[in-house]
Amino acid sequence: MKSFLTILICKLLRFAGRLIGKGSSMPGQVALRLCPDILKRIELPKYVVAITGSNGKTSTVEMIAHILTKSGKSVAWNREGSNQIEGVTTMVLSNATLSGKVKSDIMLIESDERYAKKTFKYIDITHYVITNLYRDQLTRNGHPEFVFEAIAESIKPDTELILNADDPLVSVFGHDREGVIWFGADELSTDTKELISVYNDGAYCPICKAPMKYSTHHYNHIGIYECTSCGYHREDTDYTITAVDMNKGVLEINGKYHISLALKSLYNIYNILAAFTVASLIGVDGEKIAQEMNDYVLKNGRVINFTLGERKGTLLTSKHENSVSYDHSIRVACACEQGADVLIIVDAISRKYFTGDTSWLWDIDFEMLDNKNIGDIVLAGTYVNDLAARFSYTDIPQEKIHLFEDIDKAAEYLNNGRKEYIYIITCFSDKEKILSEVEVI
Amino acid sequence: MKLLHLYHDIMNLYGDYANVSAMERMLTKNGADVTVDRLSLGDKAEISDYDFIFIGSGTEKNQKTVLADFMKYKDELSEYIRAHKLLLMTGNSFEMLGKSVTDGHGVRYDALGLYNYTTVEFTGKRITADIICTASFLDKPLVGFINKSSEIFGISDSLFQTKFGVGDSEGFHTEGIWDRNFFGTHLTGPILIKNPHFLASLASLLLGREPNTDHLTYEQKGYETTLRKLSEREQAKTEG
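Chains as they are written, first to last, in the working numbering: chain H, 1 to 441; chain S, 442 to 681.
No lab work stands behind these hints, which were simulated from the structure alone.
Treat the hints with care, as some may be off.
In silico PhoX-like pairs for lysine-lysine, Cα to Cα no more than 20 Å straight-line [unchecked claim]:
#	chain 1	residue 1	chain 2	residue 2
1	H	LYS209	S	LYS505
2	H	LYS40	H	LYS156
3	S	LYS485	S	LYS581
4	H	LYS352	H	LYS70
5	S	LYS485	S	LYS515
6	H	LYS209	S	LYS581
7	H	LYS11	H	LYS40
8	S	LYS662	H	LYS209
9	S	LYS581	S	LYS566
10	S	LYS485	S	LYS505
11	S	LYS566	H	LYS118
12	H	LYS352	S	LYS670
13	S	LYS678	H	LYS352
14	H	LYS117	S	LYS670
15	H	LYS409	S	LYS662
16	H	LYS400	H	LYS372
A short list of chain H residues far from chain S (calculated; beta carbon distances all over 10 Å) [unchecked claim]:
#	residue
17	ARG140
18	THR159
19	LEU188
20	PRO211
21	ALA335
22	THR355
23	THR358
24	ASN371
Partial list, derived from the structure: chain S residues whose beta carbon lies under 7 Å from chain H [stated by the list, open to error]:
#	residue
25	HIS449
26	ASP450
27	TYR455
28	GLY456
29	ALA459
30	SER462
31	THR506
32	GLY554
33	ARG567
34	ILE568
35	GLY630
36	TYR659
37	GLY663
38	ARG669
39	LYS670
40	SER672
Even glycine gets a Cβ: it sits at the ideal position worked out from N, Cα and C.
Please model the complete structure; the sequences and the hints are all you need to start from.
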């Protein structure tokens, strides 16, 4: 009876919340107060797949849901990306019958990495994907090793782990553990022998702290590595990116499946690979997955095309306080053969909490923008001077750099009849401030 | 002038390296001939050769790895500080000059023991806070961020008084250590970029005169923005 009422109230609150455009956390919060172990009382589907890690969670979950739905399976998932226990509870109860059974074939849960332990206390997940561990929201999370400890506490012994073999910080979860499914990339044409990044979180072995050696870097600390002392090494992969052609925008998985890329970014290919891996394990045919992933455009609003006067551009939602996500967006801009101007906005550092900390700007490899394809660099927002100080420590000619504290002034400046493409690099917390100045396509 | 960034690739969590870049540029702009060495685990630095040494913040595990290596510098560092030479340590690096660091599992690691303070780490908890603090030798406050998983007890000569944010431990408004020209603080990241007046003050110790700071326009404006934002926040908290 208690479960019945809790589920009913959660569903009603969810319904009412949708009508008034409220977020998806509150109904779950109320449900947890009424019945703290409600999640334990719910009968879950055969497949309960969770995804956590620093970056790529929302995109990966969306892709998996897309593939599975197109393959005729019913999927329950937190499509709003509300990924702490309250949001997950709302999602689970919204998809349950009043008798407490989730009838979907698969439940797919995006989970916040730091609070995964709390979320999965009562949910027995069957498959657990961990995408990567980067420096992310350090003002809240501290550093990747701290987040590692938090995720480690959420892993149960009988869960099947699906791990990014190329991330030495993630692979530790599968160290000395049987039955891990590994995904990763072979040496790729886009790789570098030397690291291109301001820092290297893979410089020392996460197990014994001896120096690590990389035979190849895919990007940042992601690559093929081996400890010089304890033997810790990148595992052989079960699901593999065997080749990538960034010019043509084609990805090859397991030597036979070819997927054409709507977004030519290494970032994107890891998300696709993780989605490919999960869908395969659930029994979807590789050809079918490739077909569904061909030119797949994410619907989560992370990549937005626009026009500004006569000019065309793309907003690449990046995360403030997350240098790897900025590095990826910078790489996408630099690959623009026709030439691109870049607008970077740092106005509110977070939409969830207050901080004035801009240390993370020093971890971003802005030096990469010293590139023949890059024209004007426009910096904007409250923290424009912090950005300018950071850029003054690159070799980029200072005459290419233009500063505007007001975001609308930056947009006005860019609406100047130049022919170059425009890339806007900024965060969720700031993107609406520029989207109101452009025409979204 | 010889600058040393020690443990540059392992005590490097929050863009701390920029403190060395800032000092290098400041000295160069003021006519000094500057070289920077970047050394790490397993290297042997000739401590007394340097005019400025910097160490930044690391993960709790990396700090323990570094500590084992760092012990070899005990006598040389003690000598260096007594000779009034300039040493800046940010984040958990300066914990290593105290008596000990006890980790979240209760395991105690001996530290260099140049000072009597002790550090106790938490398990699964961090203290993070935007900071406004003052120093007796600066006429303007400093801004910054603290990001730590530990508390420090027993510092008698504090570097800063915190006006907003946290100090060495719960309920403390004193932060960091100051002894001669050794400055240790749990403020993280590029504090010399964020606080151009602090940079100028440290540079004056090396140059023997007030430095020219004309090249610090962005840093100066950035500092004012952050101070204004943090002050507004402090105000809102007090009223709220």
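Checked hints:
| no. | hint | result |
| --- | --- | --- |
| 1 | LYS209/H - LYS505/S | holds (10 Å) |
| 2 | LYS40/H - LYS156/H | holds (15 Å) |
| 3 | LYS485/S - LYS581/S | violated (38 Å) |
| 4 | LYS352/H - LYS70/H | violated (34 Å) |
| 5 | LYS485/S - LYS515/S | holds (13 Å) |
| 6 | LYS209/H - LYS581/S | violated (41 Å) |
| 7 | LYS11/H - LYS40/H | holds (18 Å) |
| 8 | LYS662/S - LYS209/H | violated (40 Å) |
| 9 | LYS581/S - LYS566/S | violated (32 Å) |
| 10 | LYS485/S - LYS505/S | holds (18 Å) |
| 11 | LYS566/S - LYS118/H | holds (15 Å) |
| 12 | LYS352/H - LYS670/S | holds (16 Å) |
| 13 | LYS678/S - LYS352/H | holds (16 Å) |
| 14 | LYS117/H - LYS670/S | violated (34 Å) |
| 15 | LYS409/H - LYS662/S | holds (19 Å) |
| 16 | LYS400/H - LYS372/H | holds (12 Å) |
| 17 | ARG140 | violated (7 Å) |
| 18 | THR159 | holds (21 Å) |
| 19 | LEU188 | holds (25 Å) |
| 20 | PRO211 | violated (8 Å) |
| 21 | ALA335 | holds (26 Å) |
| 22 | THR355 | violated (6 Å) |
| 23 | THR358 | violated (8 Å) |
| 24 | ASN371 | holds (21 Å) |
| 25 | HIS449 | violated (9 Å) |
| 26 | ASP450 | holds (5 Å) |
| 27 | TYR455 | holds (4 Å) |
| 28 | GLY456 | holds (3 Å) |
| 29 | ALA459 | holds (5 Å) |
| 30 | SER462 | holds (6 Å) |
| 31 | THR506 | holds (4 Å) |
| 32 | GLY554 | violated (23 Å) |
| 33 | ARG567 | holds (5 Å) |
| 34 | ILE568 | violated (10 Å) |
| 35 | GLY630 | holds (3 Å) |
| 36 | TYR659 | holds (4 Å) |
| 37 | GLY663 | holds (4 Å) |
| 38 | ARG669 | violated (9 Å) |
| 39 | LYS670 | holds (5 Å) |
| 40 | SER672 | violated (10 Å) |
Checked against the numbered hints given earlier, the structure breaks hints 3, 4, 6, 8, 9, 14, 17, 20, 22, 23, 25, 32, 34, 38, 40 and satisfies all the rest.
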